[in-house]
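Okay, here's what each chain looks like letter by letter:
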Amino acid sequence: MTSNLPALVIIVPLLASLVAAGAGWFNRKAPFYIAVIALLISFISSVLLLAQVVATGVAIEYQMAGWPAPVGIVYVIDHLSAMVLVVITFVAFVNLIGNRQAVETEFKNKEGAFNALYVLFTAGLVGMTATGDAFNLYVLLEIASLSGYALIGLGSSRAPLATLNYLFLGTIGATFYLLGVGYLYIATGSLNMADLATIIPSMMNSSTILFAFIICLTGLLVKMAIFPVHGWLPGAYSESSTVSAGLIAPLTTKVTIYIMVRICLTLFTPEYTFGYIDPTDIMVAIAVASIIFGSLSALAQKDFKRMLSYIIIAEVGYMVGGFFLGNRMGVSGAILHIVNDAAMTLALFMAAGIFIWKTGDEKQSSLKGLYAKMPFTMAGFTLAALSVVGVPPTCGFFSKWYLISGGIAAGQYLFVGALIFSSLINAVLFFRIFEIALFEPFKSHHHAGDEEDKVESHHGETIVDPGVIESAQQYSGSDSHDHGAIVIKEPPLPMLVPFLGVCVLLLILGLYSGSIVNNIIHFAIPAGII
Amino acid sequence: MELFSFIVAKADYWAYVILMMVGLYALIAKNNLVKKIVGMTIFQTAIILFYVSIGYKKGATIPILHHGSDHGGEALAAHGAHAAAHGTQEVAEQAAHAVAHAGEAAVKAMDYINPLPHVLMLTAIVVGVATLGVALALAMKVYKEYGTLEEDEINQQLRNG
Amino acid sequence: MIWPIDLIILGLVIVSAVAAITVKDLLSAAVLLGAYSFLLCLLWAVMGAVDVAFTEATVGAGVSTVFCVAAVFHTTRRTKD
Amino acid sequence: MKILGKITITICGLLLLFFTSDFPDWGDVNSPASTHLSPYFIEHTIEDTAVPNIVTSVLADYRGYDTMFETTVILTAGLACFLLLRIPRKDSIHRYYRHEPTGVTIRVEGDRYPKGSNVFTRIDSSWVPYDLIINFTCRLLIHFIQLFALYVVAHGHHSPGGGFQGGVLLGASVILFAISGNLRAAIKRFGEKTAAILSSTGVFIYAGAGALCLFIGEQFLNYSALGPLLGTDRIMARSHGILIVEIGVAMAVMAVMIWIYYNLSSAGKQDEGL
Amino acid sequence: MSMETILSVKPLFAVLVSLVAIPGIVSSRSQNIREAWTFGAAAIKLLLVLSMLPLVLDGNVLTFTLVQVLPDIGITFKVDAFGLLFAIVASSLWIVTSIYSIGYMRSLNEHSQTRYFSFFAVAISATIGVAFSANLLTLYLFYEMLSLATFPLVTHHQDKEARSSGRKYLFYILGGSIGLVLPAMMITYHFTGTLDFAAQGVMAGHINSGLALLLTVMFLFGFAKVGIMPMHSWLPAAMVAPTPVSALLHAVAVVKVGAFSVVRVFTGIVGTTLLSDFGINGIVCVLASITIVVASLIALSQDELKRRLAFSTIGQLSYIVLGIALLTKSGMTGGMLHIAMHAFGKITLFFCAGAIFCATGIKYISKMKGIGRRMPITMTAFLIGSLSVVGFPPCGGFISKWYLVLGTVESGNIAFLFVLLGSSFLNAAYFFRFSTMLFSAAKRR
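Top line first, the protein sequences correspond to chains Y, Z, U, D and P. Mapping of the first sequence onto UniProt numbering: residues 1 to 530, in sequence order. Mapping of the second sequence onto UniProt numbering: residues 1 to 161, in sequence order. Mapping of the third sequence onto UniProt numbering: residues 1 to 81, in sequence order. Mapping of the fourth sequence onto UniProt numbering: residues 1 to 274, in sequence order. Mapping of the fifth sequence onto UniProt numbering: residues 1 to 445, in sequence order.
Hints are computed from structural coordinates only; laboratory data are not their basis. All values derive from a computational prediction rather than experimental measurement. Some hints here could point you the wrong way.
To be verified - Only pairs whose alpha carbons sit at most 27 Å apart, straight line, appear in this in silico DSS-like list of lysine-lysine:
(1) Y/K108 to D/K193
(2) D/K269 to D/K193
(3) Y/K302 to Y/K363
(4) Z/K144 to D/K269
(5) Z/K108 to U/K24
(6) P/K168 to Y/K363
(7) Z/K144 to U/K80
(8) P/K168 to Y/K302
(9) Y/K363 to P/K160
(10) Z/K144 to D/K193
(11) D/K2 to U/K80
(12) Y/K29 to D/K269
(13) Z/K10 to D/K6
(14) Y/K489 to Y/K302
(15) Y/K108 to Z/K144
(16) U/K80 to D/K6
(17) U/K24 to U/K80
(18) U/K24 to D/K6
(19) Y/K489 to P/K168
(20) P/K160 to Y/K302
(21) Z/K58 to Z/K108
(22) D/K188 to D/K269
(23) Y/K108 to D/K188
(24) Y/K108 to D/K269
(25) D/K2 to Y/K29
(26) P/K363 to P/K160
(27) Y/K363 to Z/K144
(28) D/K2 to U/K24
To be verified - Listing some non-contacts, in silico: residues in chain Z with all C-beta distances to chain U over 12 Å:
(29) G39
(30) K108
(31) G133
(32) E153
(33) Q157
(34) L158
(35) R159
(36) N160
For every residue, glycine included, the Cβ atom is placed at its ideal position computed from N, Cα and C.
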């Protein structure tokens, strides 16, 4: 069975989504568990694949339908794709188990379709990551996109419009990519990435190849929402339901960046990308614009999820800029940041999910006094926020380290400056939230118990001092007798534990980033990049 | 005549660019959501035109083989019919050539149009209709929410709260 | 000698595409899109892509048009551009 | 926006036009596209898969993996439309009933039914009388459409067509029935649940056939593994495998087309259609 | 004396021990249990730190690498004499401060005491981490950890003033570390390929004079905790914190971490030869001297006792920087000693200030007339503390100041001697004017 692992990673979610879609018509609880089990199997398979690749050091090739490379479609699991597979399946799995209650309330009577689409989205991303065929990538990209549209579209009342914009730009991006593949096909007659990589060096001067590169890249840049074409992202992510945002926000942009890395390094060889075309200056300039724009726009947002969305735009700039620095440090940083940013974004959106679930409001001001009310959640949130700011030893610091190192080595001091600037802005953003959550007295969101809470947060411990948590829980416990007031306390354990797990993971990723880089990313970058 | 053959050689590619730009224009500049969706469909089908043009080979026939014993007769007939339909000298010659070699079942690649782009484009068509369906569903939801399909009117409503 | 047919249909395709995005009535746009798809289907038949033509005829000209009409029916025919 | 659009498309268009000059001529037999990979398919389809329609063999076998996801794309669209549009509860505002003997139309508020409902028939609010010819013609046509669709599915190995086209035709026949009559009658014959489950089942047949190959011990979707099961040699097994998946595709595509139509034409209420 | 490098896990334990106590502190059901945790951790920490003393006195160096986070940089601990001195000062003062905190917090019935003790423990952990850092990255890590852990302590009162002070605090500290130290560190790493503290620095031979000057200045200002003007104004603002916090953190841990970091970077990264070869130390000396004089003058004019102490601290910190930047043996010794001596002296003064506030609720010097008669023991302690800070002979402060003065003489730059002496007079002025006032007759009621 181990030889079939590359297929299992994607087949299990695919079959499970079909079963879940059908089972939803008979049992409302079954689809969720089917989805969870499938994602777990997929996650385990991808971990095994990663272990196998790291142990042997050789890429695994799997021939779909038994046809060898240029004729049929092959899956290629190398260090890079195995790592991204682990990230995708992990994020999907954790986000789903952490949001069971939210799914049940937000998608009532449509659990089957929702879980099926959720798993299909994951399957699409997994396929995109693993495939070695340029056209197959397009098909899977469309699966991920279409299921993504559906997941996002069923959010707030503004979600359909935002999703429609996303759909238009997403289609433009995907179609551009398809056109690029067509240009490659007309020039070379092949669709297999490895095959193309052997042909392209012999026809470096072909303008068709050049245009294929440009247009593929343009399509992917639209898909990853870099600065001039970012318009769809904030609306789509902030209006969607939290469980969808928790899946899509960490993964879509990151996987698209992975695809960009894959296309530039595996399909167009590094010699072509960095040697012949050398787009470093212009791409880094775009990245810098994206970082600065994303950071400044985030500063202007009142809505928590919207702010996170703009941070994502800045993070996209990190990765694109880092990759196109074209040196080993920068590319390592970009790849490491794919992993780290996925984890950070997941943690932040899970935190957002918990806040919204608990307070029923997306405004930053609704976080008032939450430190006293839900200390564990806020501790996790603080950790995630510090990671985005880039405080060691959280993982965000280390990818930033590589990116800045790469920037200095490449002499792109503007990029270095933008990274530092964005870190400072992020610090301002998150400390603003910390302040609100720490200083402002807790405001009851549902009128009842308002007075009592105010008293408690200021002087509650002057009488007895049983420790913050106990007191907070006691008070909220007594609040719950109030008619219909939503009491803010820690979320239920199935929600809290996965969230805290992700937050701890941020630390672990940070501490072990050295081994990740040495054992995985080092081998994922072709030797041609120094 | 030189110019003419040049036009014929590239006309399909030009046409695809024009169609693509028509679609892209509608996507970017049109105000009505359904119009944008129409533009999106045109945009996607332009790519299909591009791919199918890649696959076309002069003097070749449709990518369905006439083969061996059991279906040989039908396939041959079909093939002949196609050649006749095209009415070109070369195709007829190719057909005759193929008939001559039918017994040996030696298939020559240059006799048949490249099937690979067709396969890819079947997928693209299906993706197109799937996207269309989802886009229309979203447009209907938008209409239900705002009572209009015009983007400027929707933005007006959003601005007014 | 299929190029004359090819060129003529290409011209018609472009005309119908432009018409579909300029006509000031969404139902007409939907129907014109159907016509556009059908012309493309002809074009592909000419180029020997029979399977693609068949698919375009059923999916593009058939079902897509029905979907568009259904959507227009449930929203509005009005358009400003 | 208009000016921006015009500038964009002018720049893009000119760039694209400029780069077409490097293309091989239209119909060039010696272009890379025609010489690199595709000759393999043309020359080996019979010996590999015993399917003369190269498009079918490439679609369902060489690149069968693509096609599986192509079917999944369709399913995704169906699920997406359902998730986005479907309103489970019925909006009980008002309905129209027609008294058949007299032709009088009455409007009923709420969820009630008029007494003696065997003489009353429910009609759509946009109902137009005297559609007898349309009704009759369409119902006559539907059988032929379906027959042709089945032929297309089954004969995809040898002639243009296959699961997709056949599936769409099958779906179109039901859609035609819904358009010519009314949506409720169509739903009564081919319910939403049926459509949903059939669509999943169709893709499941495809992916399941692939997974079966995997469990037998070959690669995913390598139908030749099914040879012993079907009692044929490995090459014919591929041919049969293609037929199996084409049936799955047809099922899924038909069901999804109908499902999307139900949701789109009734804005998710599945009450009154076009 | 044999210089040996010993692999030992003790430094890690010394750092972690107070972190381990946090779950205990958080989950304690009563005040007593919670404080028992604090004391236990503090005692163990001090014992751990002291247990390393004999080895280090023999001239050994203890190292331990926790994890290799970057290809050739790990989170690595190294215990040498200077680091250990600082660690002993910090961990012994933690015990003292804990006792003091308990009295202070209980007597004032402060809220959120659990949070207070937890973050206190984190802050100490970070301080020890800084003391034992073997490379700049590890130091930076614990430096940031300290900045963040002290934020809730500084803003403990959660009122408007605390909030604006907290903002200021973060703005200077985080802005300095992210905006200046991080890039400086990266540039250093890029050119030298290492961040380990080496005896002669790592920059020599890799970096030209202009860049070296730029990096030095970036480090000096970036470690804003050292309070070189103009990066000083967070320190008076942070005095809104409860007094134990001001005492331990703003007299000992935080500012001394800043000074310690600067010393480490100057000696271990930039390297003394480079500093003197390029004449960078002169610029640093001038910056420090300006800070010394200006801070002392401002201190004179402050009426709030804690603010006066704060400006005094700013001045005293620059003594350390000045001592190091003189680049003479005595100057260096003086600077390093001054870290410890000033810590003990200043913490005494802060404790007294807190005691006055607890007992009388008075914050302003002008209202404290005659308070010495009501609290004679406290005020005697205050007098001794201030004598030490001024540098009177029997007190610890004298020793360090003596070495500093020697250093200025050795360096041959008499101007700095005058700066030192002049500021000592100013110190004397602002403390003794106050002290005499304390013991003068109280106003008749």
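Cross-check of the supplied hints:
With a C-alpha separation of about 17 Å, the suggested pair Y/K108 and D/K193 falls inside the 27 Å cut-off, and the hint holds. With a C-alpha separation of about 14 Å, the suggested pair D/K269 and D/K193 falls inside the 27 Å cut-off, and the hint holds. Simply put, Y/K302 and Y/K363 have alpha-carbon atoms about 6 Å apart, close enough for the 27 Å limit, and the pair holds. With a CA separation close to 13 Å, the supplied pair Z/K144 and D/K269 stays within the 27 Å bound.
Using a Cα cut-off of 27 Å, the hinted pair Z/K108 and U/K24 is violated, with the two alpha carbons roughly 51 Å apart. As the CA atoms of P/K168 and Y/K363 are separated by approximately 25 Å, the hinted pair is consistent with the 27 Å bound. With a C-alpha separation of about 19 Å, the suggested pairing of Z/K144 with U/K80 holds against the 27 Å cut-off. Using a Cα cut-off of 27 Å, the hinted pair P/K168 and Y/K302 holds, with the two alpha carbons roughly 22 Å apart.
This hinted pair checks out: Y/K363 and P/K160 have alpha carbons roughly 22 Å apart, not beyond 27 Å. The suggested pairing of Z/K144 with D/K193 holds, with an alpha-carbon distance near 25 Å, which does not exceed 27 Å. Pair hint D/K2 plus U/K80 holds up; C-alpha atoms about 13 Å apart against a cutoff of 27 Å. The suggested pairing of Y/K29 with D/K269 holds, with an alpha-carbon distance near 24 Å, which does not exceed 27 Å.
Annotation: proposed proximity of Z/K10 to D/K6 holds, straight-line Cα distance about 24 Å (limit 27 Å). A distance of roughly 23 Å separates the Cα atoms of Y/K489 and Y/K302; the hinted pair therefore holds under the 27 Å criterion. Among the hinted pairs, Y/K108 with Z/K144 is consistent with the structure: their alpha-carbon atoms are about 20 Å apart, no more than 27 Å. Only pairs whose Cα atoms come within 27 Å are accepted, and U/K80 paired with D/K6 is accepted, the gap being roughly 18 Å.
Of the supplied pair hints, the one linking U/K24 and U/K80 holds, its CA atoms being roughly 7 Å apart against a limit of 27 Å. This hinted pair checks out: U/K24 and D/K6 have alpha carbons roughly 19 Å apart, not beyond 27 Å. Proximity of Y/K489 to P/K168 is assessed by CA-CA distance (about 31 Å); at most 27 Å being required, the pair is judged violated. Simply put, P/K160 and Y/K302 have alpha-carbon atoms about 21 Å apart, close enough for the 27 Å limit, and the pair holds.
Our distance criterion of 27 Å between C-alpha atoms is met by Z/K58 and Z/K108, whose separation comes to about 14 Å. A hinted pair counts as satisfied when its Cα atoms are at most 27 Å apart, and D/K188 with D/K269 qualifies at roughly 15 Å. For the given pair, Y/K108 sits about 25 Å from D/K188 by alpha-carbon distance, which is consistent with the 27 Å threshold. For the proposed pair Y/K108 and D/K269, the alpha carbon gap of about 16 Å is at most 27 Å, so the pair holds.
A hinted pair counts as satisfied when its Cα atoms are at most 27 Å apart, and D/K2 with Y/K29 does not qualify at roughly 49 Å. A distance of roughly 18 Å separates the Cα atoms of P/K363 and P/K160; the hinted pair therefore holds under the 27 Å criterion. For the hint pairing Y/K363 with Z/K144, the CA-to-CA distance comes to about 26 Å; that is within 27 Å, so the pair holds. Distance restraint check for D/K2 and U/K24: the Cα-Cα separation of roughly 16 Å lies within the 27 Å cut-off, and the hinted pair is therefore satisfied.
With 12 Å as the threshold on Cβ separation, the claim that Z/G39 sits away from chain U is violated: the shortest Cβ distance comes to roughly 6 Å. The beta carbon of Z/K108 sits about 16 Å from the closest Cβ of chain U, which is more than 12 Å, so the claim that it is off the interface holds. Here Z/G133 does not stay apart from chain U, with its beta-carbon only about 6 Å from theirs, under the 12 Å limit. A beta-carbon of chain U is positioned within 12 Å of the beta-carbon of Z/E153; the least distance is around 9 Å.
For Z/Q157, the shortest C-beta to C-beta distance to chain U comes to about 15 Å, beyond the 12 Å cut-off, and the non-interface label holds. For Z/L158, the requirement that its beta carbon stay farther than 12 Å from each beta carbon of chain U is met, with the minimum near 18 Å. Once the 12 Å rule is applied to beta carbons, Z/R159 is consistent with being away from chain U; the minimum gap is 18 Å. In this structure Z/N160 is separated from chain U by more than 12 Å, as the shortest Cβ-Cβ distance comes to about 19 Å.
Against the hints set out earlier in the document, violations occur for numbers 5, 19, 25, 29, 31 and 32.
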